[in-house]
Amino acid sequence: MRRCGCSSLHGNRLTGPIPKELGNISTLQELNVEINWLSGPLPAELGSLSQLKKLHLTSNNFTGELPQRFAELTALEELRLSDNQFIGRIPDFIHYLTSLYQLVILGSGLQGPIPSGISLLEKLSDLRISDLNGPESRVPQISNTSIEKLILRSCNLTGELPGYLANMTNLEVL
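Under the UniProt record's numbering, the first residue of the sequence shown is numbered 1, with each subsequent residue one higher.
One or more hints might be untrue.
Said to hold, decoys possible - Under the rule of at most 30 Å between Cα atoms (straight-line distance), these lysine-lysine pairs were calculated in the BS3-like manner:
#1 K123 with K149
#2 K123 with K54
#3 K54 with K20
#4 K53 with K123
#5 K53 with K20
#6 K54 with K149
#7 K20 with K149
The set of hints was computed from the structure by calculation and includes no laboratory data.
Model, not experiment: these values are computed from the prediction.
Let the hints inform the model, and build the full structure from the sequences given.
In structure tokens:
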């Protein structure tokens, strides 16, 4: 199964971990395993999927930290991690994923603060983060003024509402 552009196993009752062998499918562009009963840590081998554009992992029972090798997923456009039991902070390597236009981390188990490097994601149009444990922090700087959806709910944010929000003329959800 080395030539596979898309794998959608969305909405089943699949159990167990994601097999590390999926990291060998060099042509994989989309991996969608949302709404299953998958569990365990994510295999670092997924970081070798250099053509992966969509990684949808929402609504499973994944645990552990996000593998550092995910920094190599530079073609990634959509990353959805919500409704899992991850541990650790939102990784600083997120700023290497410069092709991201959608980042959804709602109730993932991850901790804050939101990495400052998120401001480097200039293509980001949909940023949703919620339910972060960890220390208080300020609202992160977001450089993309064409962002359409911005949700930062229960993230232990403090300080003033940033003035740059007024420059987000495409904003539909705040």
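A quick look at each hint next to the structure:
no., hint, result
1, K123 with K149, "holds, 12 Å"
2, K123 with K54, "holds, 15 Å"
3, K54 with K20, "holds, 17 Å"
4, K53 with K123, "holds, 14 Å"
5, K53 with K20, "holds, 18 Å"
6, K54 with K149, "holds, 18 Å"
7, K20 with K149, "violated, 33 Å"
In the structure shown, a violation is registered for the earlier hint numbered 7 alone.
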